[in-house]
Amino acid sequence: MSLVDTALAVVLGTLAMAAFGFVAGLTVLGIDRKLAAHMQARIGPPIRQPFIDVAKLLRKENVVPENAIPWLFHAAPVIAFASTITILLYLPIGGIAPVFGGAGDLILIVYLLTVPALAMVAGGFASGSPYATIGAQREMVILMAYELPLAIAVIAIAWRLAAAGVAEPFSLAAIAANPVWGVVGPLGIVGFAILFVILAWVTPAELSRVPFDAQEAETELAGGLLVEYSGKNFALFYMAQGVKTIVMAALAVAIFLPWNLSDFVAMTPAVAVVADFAFFLAKVLLVAFFSVSLIRVSMARFRITQIVSVYWLWFGVLGLVGLLLIVLDAYAGVW
Amino acid sequence: MSDGNPAKTTPYTVPIGPIHPALKEPVMFTFRMNGEQIEKADFAPGQTHRGIEWMGMRRNPIQIVHLTDRICGICGVSHSLAFARAVEQIMEIDVPERADYIRAIIAEFERIQSHLLWAGMAAHELGFDTLLHLTWRVREQAMDTIELLTGNRVNYGIIQIGGVRRDITPDQHPAIHECLDYYRDLQGKLLRIFLEDATIQMRCRDCGILTRDDALRLCTVGPTARASGVNMDVRVDFPYAAYGDLDIEPILPDRYLGETRGDVFDRIVVRLLEVEQSAGIIRQCLDVMPAGDILWETKIPKILAAFKKAHGEAVGRHEAPRGEVLHYVRMDGKEHPTAWKVKASSYSNLMSWIPMLEGEQIADIPIIVASIDPCLSCTDRVAVVRGGRRSIMTKEELHRLSVEKTRRLMR
Numbered sequence: 005m006s007l008v009d010t011a012l013a014v015v016l017g018t019l020a021m022a023a024f025g026f027v028a029g030l031t032v033l034g035i036d037r038k039l040a041a042h043m044q045a046r047i048g049p050p051i052r053q054p055f056i057d058v059a060k061l062l063r064k065e066n067v068v069p070e071n072a073i074p075w076l077f078h079a080a081p082v083i084a085f086a087s088t089i090t091i092l093l094y095l096p097i098g099g100i101a102p103v104f105g106g107a108g109d110l111i112l113i114v115y116l117l118t119v120p121a122l123a124m125v126a127g128g129f130a131s132g133s134p135y136a137t138i139g140a141q142r143e144m145v146i147l148m149a150y151e152l153p154l155a156i157a158v159i160a161i162a163w164r165l166a167a168a169g170v171a172e173p174f175s176l177a178a179i180a181a182n183p184v185w186g187v188v189g190p191l192g193i194v195g196f197a198i199l200f201v202i203l204a205w206v207t208p209a210e211l212s213r214v215p216f217d218a219q220e221a222e223t224e225l226a227g228g229l230l231v232e233y234s235g236k237n238f239a240l241f242y243m244a245q246g247v248k249t250i251v252m253a254a255l256a257v258a259i260f261l262p263w264n265l266s267d268f269v270a271m272t273p274a275v276a277v278v279a280d281f282a283f284f285l286a287k288v289l290l291v292a293f294f295s296v297s298l299i300r301v302s303m304a305r306f307r308i309t310q311i312v313s314v315y316w317l318w319f320g321v322l323g324l325v326g327l328l329l330i331v332l333d334a335y336a337g338v339w
Numbered sequence: 014m015s016d017g018n019p020a021k022t023t024p025y026t027v028p029i030g031p032i033h034p035a036l037k038e039p040v041m042f043t044f045r046m047n048g049e050q051i052e053k054a055d056f057a058p059g060q061t062h063r064g065i066e067w068m069g070m071r072r073n074p075i076q077i078v079h080l081t082d083r084i085c086g087i088c089g090v091s092h093s094l095a096f097a098r099a100v101e102q103i104m105e106i107d108v109p110e111r112a113d114y115i116r117a118i119i120a121e122f123e124r125i126q127s128h129l130l131w132a133g134m135a136a137h138e139l140g141f142d143t144l145l146h147l148t149w150r151v152r153e154q155a156m157d158t159i160e161l162l163t164g165n166r167v168n169y170g171i172i173q174i175g176g177v178r179r180d181i182t183p184d185q186h187p188a189i190h191e192c193l194d195y196y197r198d199l200q201g202k203l204l205r206i207f208l209e210d211a212t213i214q215m216r217c218r219d220c221g222i223l224t225r226d227d228a229l230r231l232c233t234v235g236p237t238a239r240a241s242g243v244n245m246d247v248r249v250d251f252p253y254a255a256y257g258d259l260d261i262e263p264i265l266p267d268r269y270l271g272e273t274r275g276d277v278f279d280r281i282v283v284r285l286l287e288v289e290q291s292a293g294i295i296r297q298c299l300d301v302m303p304a305g306d307i308l309w310e311t312k313i314p315k316i317l318a319a320f321k322k323a324h325g326e327a328v329g330r331h332e333a334p335r336g337e338v339l340h341y342v343r344m345d346g347k348e349h350p351t352a353w354k355v356k357a358s359s360y361s362n363l364m365s366w367i368p369m370l371e372g373e374q375i376a377d378i379p380i381i382v383a384s385i386d387p388c389l390s391c392t393d394r395v396a397v398v399r400g401g402r403r404s405i406m407t408k409e410e411l412h413r414l415s416v417e418k419t420r421r422l423m424r
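These protein sequence lines map, in sequence, to chains A and B. The first sequence runs 5 to 339 under my numbering. The second sequence runs 14 to 424 under my numbering.
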């Protein structure tokens, strides 16, 4: 393949992924709102409501506060949206291989996941509002808090795959080819289940949802980080939120639920792509329901100090237990 | 948060209000913060003064009763009852016994809906919106029954000087009992949801503590005082309406939890238990309510004529859902009162915010502020505005002004 072909493939792939991320992200947000409403005995908005909101926000003007640093204030939402789309380029979508193929691995994704959060922090500090400043400080603390359990989960998985003799264990292609559940015994399955739960609980913090939404905390900070954002900039953050939901769910799917429908049922390649894609969407919705909608309707918001202790103590210890089980499982296999 | 950098750790100021999602009514808070911790709290009420007393002093008490309905959005009967009792004392009216029972029943229904509304609000302040929707749904049963009894959901318009304007008929009893049974069956579930939920415990236990000494020193009233272990309840201490005939015991948190900490959690416990208590009081009222008139005098012109003969002053008190509400009225043989002063329950409770808030975190501001169930539009009775600018009067200035006014009146 010539350089031009590769460039064309990347550009087209990126555009297609951005379109997919936009549509799927906002749809997932709409479904989340509807499901949460039904669980709260409300009717809720129509599923297309996020699209209506974005269409309206895009027509509105950007209000820049007097104290803000304008270039940073305007750059933050663009960086947040662009970086979430970038993560999507490294994740397999059903049977479709990632646009960037084998160029990136799990470590890169863990790093990239911090970029939208850092963009929000920069935007918050650039807003020049006390609420946004407190929100930005909190976002940084939360970022540091959930990084520990997330890192434990990622490393445990890669280590176990390496112990099972898989080359390049951090590569998502390798993880997809060797579903983690297949390489371990009963102890390891319990360990991986624990890590799956941890990833599900990291998701709300990554997406700033209740109970880990201290950085936005409507009743305390009136929106925190985003309090000064309006119009197009806010629409970008909102879309980034939708894409991030897809990213977090797709990451959990890629690591823990990597199966495709075409692996089990014989079908022609054209049908397989569609079927795998639909199956992928179903898995993403399932993960999003449990890790976003269900958690957020059943809990109260934590204080920032409680968030840190939840992630470092509870989930840190839980992650280490999972890791220990996986290590034991690996050596049990050798004995 | 403290990284040793002196520039970052110097206190900064966070304003909350007058309009903010944490506040359901306007009040201005200024917090001096150290990181996430509150070093010093200050607040300025008076953002929602409407001059109801001024309007009232140009009207006769029958008209004022309907104004009192509108002092507060939630306490549709508390202010009316306190005002009516003040006027009745001046005129030495004997309210028919049946009317007293009806007043107590409506007041207790009001307590049920007000406490449930508060519980939902508290859940919302904690970010627990599911509980908000659940609580407000079960509150509807009380609202429906109030509408059945008075004809209105919010401004009941049931109190009249010398009685009540509507009777409770026998065919309404099944609906009332159905509502009370509903809350009896629900009580265990509500207590379980609010008191055994791990996140509510984490957020409310040992948060916003008001010690018993502070509660007494700051003259707090109602559930705020009771949650700090102060055994006080106007219904028991100074019985009025039908309350003297009823068996009521003030609800204190140690009866349920075995100890009193005076935190937000205790205030939730007290209010939820009072829902059950109110249902019990209504049941007692229905059982022993005598037959008879509901008004001292049905002809309005006769009442108006009686106002012109009334001389004297009196204080009407009522245990509103938020605590004691007090109306001072003075009548000098005219149709309209010469003086009318409203002291809402929240007025006594606002100062308790300061000891509760200092030392707590930003995250606790909404729930602590909400925990005394503040009702600011009832509380705001004065706003000093001169030349388009607001100003604050000191105690000395107020004293000087009142001495001047007394001298002027004596001349």
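FYI, nobody ran anything at the bench for these hints, they're computed from the structure. Using N, Cα and C, we set each Cβ at its ideal position, and we do this for glycine too. The reader is advised that the hints may include incorrect statements.
List of simulated lysine-lysine pairs, DSSO-like, C-alpha gap at most 30 Å [to be verified]:
| # | chain 1 | residue 1 | chain 2 | residue 2 |
| --- | --- | --- | --- | --- |
| 1 | B | K37 | A | K60 |
| 2 | B | K53 | B | K37 |
| 3 | B | K418 | B | K356 |
| 4 | A | K64 | A | K38 |
| 5 | B | K354 | B | K418 |
| 6 | B | K354 | B | K408 |
| 7 | B | K347 | B | K37 |
| 8 | B | K322 | B | K312 |
| 9 | B | K37 | A | K38 |
| 10 | B | K347 | B | K418 |
| 11 | A | K64 | B | K37 |
| 12 | B | K202 | A | K38 |
Sample of chain A residues at the chain B side, in silico, Cβ under 7 Å [to be verified]:
| # | residue |
| --- | --- |
| 13 | K38 |
| 14 | H42 |
| 15 | R46 |
| 16 | V214 |
| 17 | A226 |
| 18 | I308 |
Here is what the structure says about each hint:
1. B:K37 x A:K60: holds (28 Å)
2. B:K53 x B:K37: holds (22 Å)
3. B:K418 x B:K356: Holds. K418 of chain B to K356 of chain B sits at ~21 Å (cutoff 30 Å).
4. A:K64 x A:K38: The hint holds at about 25 Å.
5. B:K354 x B:K418: With Cα atoms ~16 Å apart, K354 of chain B and K418 of chain B stay inside 30 Å; holds.
6. B:K354 x B:K408: holds (19 Å)
7. B:K347 x B:K37: Not satisfied, since the Cα-Cα distance of roughly 39 Å exceeds 30 Å.
8. B:K322 x B:K312: holds (16 Å)
9. B:K37 x A:K38: holds (26 Å)
10. B:K347 x B:K418: holds (21 Å)
11. A:K64 x B:K37: holds (28 Å)
12. B:K202 x A:K38: holds (26 Å)
13. K38: violated (14 Å)
14. H42: Violated. Min distance 11 Å.
15. R46: OK, holds: R46 of chain A within 7 Å of chain B, min 6 Å.
16. V214: Since chain B brings a Cβ to about 5 Å from V214 of chain A, closer than 7 Å, the hint holds.
17. A226: holds (5 Å)
18. I308: With a minimum Cβ separation of about 6 Å from chain B (threshold 7 Å), the hint on I308 of chain A holds.
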